[in-house]
Amino acid sequence: MTSTTAEIGATTGVGRFGSISRGRKRALYWSYFFLVLFVIFFLMPPVYMLITSLKTSAEIGAVTNPWWVYHPTLENYITLLTQKNFLTFFRNSAVVSVLVVSLSMVVSVLAAFSLARMKFWGSATLATGVFLTYLIPDTLLFIPLFKIFAWIHDTTGIELINHWWVLIFLYPTLTVPFCTWIMIGYFSSIPKELDEAALIDGAGYMQILTRVFIPVALPGIIAATIFAFTVSWANFLYPLAFTTSEDQLVLPVGIVTTLIKGDVYNWGQIMTGALLGAAPPLIIYAFLMDYYIAGLTAGATKG
Amino acid sequence: MAQVALRKIVKTFDKTPAVQGIDLDIADREFIVLVGPSGCGKSTTLRMIAGLEEATSGEIYIGDQLVNDVPPKDRDIAMVFQNYALYPHMTVFENMSFGLRLRKFPKPEIKERVESAARILDITDLLQRQPKQLSGGQRQRVAMGRAIVRNPKVFLFDEPLSNLDAKLRVQMRTEIKKVHQKVTTTTVYVTHDQVEAMTLADRVVVMNGGRIDQIGTPHEVYHAPRTRFVAGFIGSPAMNFMPCRLVGNNGSLSVQLSDKLRFPVPQDRVARYSGHVGEDLIFGLRPEDIIEKRGDLPPGRAAFDVLLEVVEPMGMETMVYFIIDGVEVCGRVNPTAAGNAGETMPLVADLNHMHLIDPRTDLVL
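Order-wise, the sequence lines are chains A and V. Be aware that the first sequence starts at 1, since it is given in the working numbering, and climbs by one per residue. Be aware that the second sequence starts at 1, since it is given in the working numbering, and climbs by one per residue.
Don't read these hints as lab results, they were simulated from the structure. Incorrect hints may have been included.
Stated by the list, open to error - SDA-like cross-link-like pairs, simulated, lysine to any residue; straight-line CA separation at most 25 Å:
#1 V/Lys15 - A/Ser123
#2 V/Lys111 - V/Gln128
#3 A/Lys192 - V/Leu46
#4 A/Lys119 - V/Thr56
#5 A/Lys192 - V/Gly39
#6 V/Lys107 - A/Leu199
#7 V/Lys15 - A/Ala124
#8 A/Lys119 - V/Phe13
#9 V/Lys104 - A/Glu196
#10 V/Lys73 - V/Lys104
#11 V/Lys153 - V/Asn68
Stated by the list, open to error - Interface residues of chain V toward chain A, partial, derived using beta-carbon atoms under 8 Å:
#12 Pro72
#13 Ile77
#14 Phe81
#15 Ala85
#16 Tyr87
#17 Phe98
#18 Leu102
Please read all numbers here as calculations on a predicted model, not as lab measurements. Every residue gets a Cβ at the ideal spot worked out from N, C-alpha and C, and that includes glycine.
Bound conformation, chain A alone:
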C-alpha cells in the first residue's frame, strides 16, 4: 500500500497513463500469484489421487517419492471395473441421480413458477418457508426421517430402510428447496410484461411456463440441475444411514465400506473408485460450464 502511494506521488509529473497501466500490471501479478496458489492448493488432492490410483499396493506402501509413479499400472482400474460390486454402486448412483434430478426439477420449476408469478394467499410466506427448509442441516433430518420410515413400516408394512431406491424420495428434501429458491429468483427476474404479452397472445399458464419461462430461464434451470445432480451424486450421509446391504449401496458409501476392510485400507482402489466417481459430475460441469456461470451471475443480480 505504501509503495503504491509513493509511486503515484513520484509519477504525477510524468502523466497518469503510465501509472495507471503500471498499477494494473501490479494488480495482475498479485491476481496471478493468488490464483496459481489456489489452483495448486485445490488441485493437489485430485492429482495425488490420480498418482496413487496408478500405483500397486506395494508401491504405495514403499518408502519412495510419493509424488512419482515408478511402475505405472492400470490394475486398480481393471479390478474395480470388472468387480460386480463397483458396477452395482455405479448403477445405483446413476439411477438415483437421474431420477432425483428429474423429480426435483419438475417439482421445483412448477413450485417456483407458481410462487413467483401467481400471487395467491400466503405465496410470499411459502416462498420464504421453502428457503428456510433449505437452511436446516441434513444431519438434523435423518433421525426424524428414520422415525417416519418406522411409522410407515408400522402402519403400511412397507419397508423403506435398506433399499437404494428410497434415496430417490430422500434426496429431494435437500434439492427441491434450493432449486425452487434458485428458480424463484430466475422467474422473478423475467419482466412481468412478458407473461402479460403471452397472456394476451392467448397462452394459458402452462403454455406461459413451457413456451416462455422455461426457455428464457434455461441458464437457471441448468444451474439448478447441476446442483441437484451434485447433491444426489455425492451425498454420503443419507445412504450411509439408510442403506446397509452391499447391493443396495451407492458409489460414495460403497467405495468406503467395501474397500476398507477392517483396518486395511486399499488405497489404490479407494483412490481409483473416488476418481471414477468424480468423473460424471466433472463431465457434466465441463459441458454446461458456460451456462452454469451465466446462470450463477444472472441469479446474483436479481432475486
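Since chain A is already given, all that's left is putting chain V on it; use the hints.
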C-alpha cells in the same frame, strides 16, 4: 373492428383509488389517447381494457360484449408494451407468429400474415433475427408487428415510445400514425407526453387523479381546456397562470394583474365573464400569445413593457421570461426581436386567446 365503452369504471388497489369512475365511449376505428401525469390512472385504465387488471366496479364493453369476466386472450385485443416485451428466445418471425401459432392457425396463413405485417412495418429483412440483435426502434416495430398480425378488434399501446431516444421517438410517432392510417383499427394509446397525444389522437382523453378532466379533439383540449389542469398540462411551454381580479366599468371588463398592469377583456367575451366581476380569478395565457410588439395593435391585443429575467433562444423562436406581480411568465417572441436579460422589452398579449379560471373549482370560465 369494434367500439369500446367504459361505464363507471373504478379500480382500487388495497384501498388506494387508482381510477375513480370513468365513462368513455370509443368509436370504431378511432384513435384515442389517454394522457396525464404518472399516477393518473391511465395505464390502469388501459390494463383493465386489456383484462390484465380486474375492474373493482363498472362495466367494460368491447364491441357489444360485456368483457369484465372475459380473460385477455378471448377479448381479441393486442397490446404493445413500453419495454416491448418481446420473447427473447424467439426470432422476430416466431415472436410475431406466437399468438397465431397458439391459436392453431394454418402455417401458410401465419406466414402470409406475418409477411404482410412485416411489409407494413418495413421489417421484412429482420424476420430471422433475435430480439437482442435489434435496435430499440426495430424492437418497437416488432412489438407492433406482433399486434398487427393478430388483426384484433382493438390495439392497446402502453407508453410505447418512452423507452426510445428523443429523435427516434418522433420518427416512431409518425410511423405509428402511418400504420394506423393503413390498418385502421380502434386504438387506445397511453402516454404522458402531451405532444404524442396531440399529434396522434383523433380524440384526447386528459386524465388527472383517476378521473377524466376532458375528452376532446386535440384542437379542443388545446384551445378550449375545460379545467385548469388541462390548460396547464397540454401545451409546451405550459400556459402562464397569473392571479388577477376581474374589474368592470361601463359595460366593458378588464383583468387587473398588478397595480400597474391591466388588460382589457375583448368585447365578445364580456357576456361570458360578466357574472364574475369583482372576483379573484386566475388569468391564463399561453406563451405563444405573448409576442413582441410590431406595428399597430389589432383588436383584442394589449401592449405592455416587461423587464426580461431570462432569455432562451431556441432557434426558430426565443423564450423570454419575466415577472408579473411575483409570478414568472413566459413569452414566445421572434428571435430577431428579443432583447437581452435585464433589458426592458415591449410585448403584446393576445387576449382573444385568454382564459379565466375560477380558483375555487379550477374550472375554466
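Here is what the structure says about each hint:
Note on lysine 15 of chain V and serine 123 of chain A: the hinted pairing holds, with a Cα-Cα distance of about 21 Å set against a maximum of 25 Å. Pair hint lysine 111 of chain V plus glutamine 128 of chain V holds up; C-alpha atoms about 13 Å apart against a cutoff of 25 Å. Only pairs whose Cα atoms come within 25 Å are accepted, and lysine 192 of chain A paired with leucine 46 of chain V is accepted, the gap being roughly 16 Å. In summary, the hint linking lysine 119 of chain A to threonine 56 of chain V is supported, as the alpha carbons are separated by about 18 Å, within the 25 Å threshold.
For the hint linking lysine 192 of chain A to glycine 39 of chain V, the alpha-carbon distance of about 19 Å falls within 25 Å, and the restraint holds. Simply put, lysine 107 of chain V and leucine 199 of chain A have alpha-carbon atoms about 21 Å apart, close enough for the 25 Å limit, and the pair holds. Of the supplied pair hints, the one linking lysine 15 of chain V and alanine 124 of chain A holds, its CA atoms being roughly 21 Å apart against a limit of 25 Å. Among the hinted pairs, lysine 119 of chain A with phenylalanine 13 of chain V is consistent with the structure: their alpha-carbon atoms are about 14 Å apart, no more than 25 Å.
About 20 Å separates the Cα atoms of lysine 104 of chain V and glutamate 196 of chain A, which keeps this hinted pair within 25 Å; it holds. With a CA separation close to 14 Å, the supplied pair lysine 73 of chain V and lysine 104 of chain V stays within the 25 Å bound. A distance of roughly 16 Å separates the Cα atoms of lysine 153 of chain V and asparagine 68 of chain V; the hinted pair therefore holds under the 25 Å criterion. The closest approach between the C-beta of proline 72 of chain V and any C-beta of chain A is roughly 5 Å, which is under the 8 Å cut-off, so the hint is satisfied.
A least Cβ separation of about 7 Å between isoleucine 77 of chain V and chain A falls short of the 8 Å threshold, and the interface hint therefore holds. Restraint check, phenylalanine 81 of chain V versus chain A: the minimum CB separation of about 4 Å is within 8 Å; hint holds. About 4 Å separates the beta-carbon of alanine 85 of chain V from the nearest beta-carbon of chain A, less than 8 Å, and the hint is met. For tyrosine 87 of chain V, the interface hint holds, since its Cβ comes within 8 Å of a Cβ in chain A; the closest pair sits about 6 Å apart.
Satisfaction of the interface hint for phenylalanine 98 of chain V is found here, the shortest Cβ-Cβ separation to chain A being roughly 5 Å, below the 8 Å cut-off. Using the Cβ-Cβ criterion of 8 Å, the hint placing leucine 102 of chain V at the interface with chain A is satisfied: the shortest such distance is roughly 4 Å.
When each numbered hint is compared with the structure, no violation occurs for any of them.
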